[in-house]
Structures are given as C-alpha cells and as structure tokens.
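So the protein sequences, as listed, match chains V and A. Following the working numbering from start to finish, the first sequence increments by one per residue and tops out at 121. Following the working numbering from start to finish, the second sequence increments by one per residue and tops out at 262.
It should be emphasised that the hints constitute simulated quantities derived from the structure, not laboratory data. Certain hints may be false.
Some chain V residues close to chain A (C-beta under 8 Å, calculated; not the full set) [stated by the list, open to error]: (1) 31; (2) 70; (3) 71; (4) 75; (5) 107; (6) 111; (7) 112; (8) 115; (9) 119.
Built from N, CA and C at the ideal position, the CB exists for glycine as well.
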Amino acid sequence: MDHSDNPGREGTMTFNVRKVGGATVISVDGQLIVGNRQELKQKVLAELERGARRFVIDFTRTGYIDSSGLGILVSLSRSIRQERGDLRLASLNDDLRTLFELTKLDTLFEIHATLRDALAD
Amino acid sequence: MTPRAAVLELPADISVIENAVERAVHCCASARLARNRLMFNFRVGLTEALSNAILYGNGGDPQKRVRVELRVRSGEVRARVTDEGHGFDPDTVPDPRLPENIPRPDGRGIFLMRALMDEVHYNELGNSVTLVLREGTRPAP
C-alpha cells in the first residue's frame, strides 16, 4: 500500500516548477516530508517524461526535510541519472545542509550554495 | 515556569503529521529552547517518530491511533509517541551512513532522531519512543 497518495492535504507546502534557461527549477516552499514527498516525485518524473534532463531543486524557502523527503531525493536522483540527466540542489540553509552531512548524502548530491551557482554550467 | 503536559491522539494517517507537529511545537514554545532547536531538531525528530508510528507501527491502518504525550518544562521538552503495533528492535536498523546504504532511499529515520535529539528511548516492546530535547546540551543540529 502506498501511504502517500494525498498530496496537498498538508496545505502549507507548494512545489513551484519553472524553466530557467535549459534547466527545470523546482522550488520547495514549506516542508518536504512523508506527507507530500510523492507530489514532488510526480512533478519531477512528469518533467523527465516530457524530456527535461537538467534539474535544480531550490530549497531557499524550505523549513525542514525528514528522512522520507531525503529518500525521495535519492530516488529522483537515480531516476534522472538513468535518463542521463543531472540533478542539483541549491540554497540549503545551515540546518538542511547539516542533514545532508549527517547522513553523508552530501557525497551523493551536487549541492550549490545558491540557485545562481546551481544554474551555472 | 510550571511544567506543562499535553496529549495528542492522532489517526494513523500521514496527512495529519505536519499539523500535529506544528501543534506540538506551539505547545513546547514555553520551554524557551533556541529557535532552531525547536523549529528544526524537534520538528524533524517528531516527524520521524510519527511517521514510523503510522507507517510501520500501525501499518498505515487508519483505524489505529497514535498517542503523543508532551512534557514541557524550562529548557527541556519530552515527547513520547506510542503506536498500536507489535514493536521492533531499533538496534537492528542498519547504519544509513555505510557506503552500501547511502544510495538507499530509506532507513534514515531512526538515525536522524538520534542525531538531532539529546535522548531517544524505546520501551521494551519497541512500540513507544521518547524523544528528549534540551537547551544547550548539543549544538543545533
């Protein structure tokens, strides 16, 4: 059973998708947690299916991420790599950055200090 | 301050987690912990405990309940999260930082609770976890 089929019921989170140059930028506004992770996954996979290959997830306006949120990023990273694409993470605050360091996920992801850096070639 | 206690009874439905965490944070504000310890460490730790209780402990069965008991005093918050499941042995959970586990999408919840809270205790059965967060005993996070 998939327990995450209720995207949007949390009510305090939005995922904004936009194109910047050749990249697809997804902004996480709120929390990325077990209750909404599937919505992010669906949005990214839909863009991947439409042909997008360069992705940046922007955490400028993100409060916190739980282990399910980290897990969905790992899963998306794998899916994007399988299509020879590229996933970058941008604008993690100190707390979020520490989550990636504690879990050693900073070794798996390309993390940039700013969205501008992440969009640079 | 006078110690404060509160109880939340929740259905086993992941869509209630965020709201429950915000209610708990509001209840714990009087502990006067540093803002990011309450708004980050506690929120992530409690989210993990609730997620485990709902998805694994109660198997996502919406008929089952999760009980959250909060104890708040100056400089300390305690949250005990209890599900209706049969429990598990938290010491058997693999270290997600091992090279072979880093590419896995799961298995980081208990590790994050232990990393972000000052104390994490399970009861003998393994269906109830107590999280303790204090002021000034561990850098955030």
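Against the structure, the hints come out as follows:
no.	hint	in the structure
1	31	6 Å, holds
2	70	6 Å, holds
3	71	4 Å, holds
4	75	4 Å, holds
5	107	7 Å, holds
6	111	14 Å, violated
7	112	20 Å, violated
8	115	21 Å, violated
9	119	26 Å, violated
In summary, the numbered hints that this structure violates are 6, 7, 8, 9.
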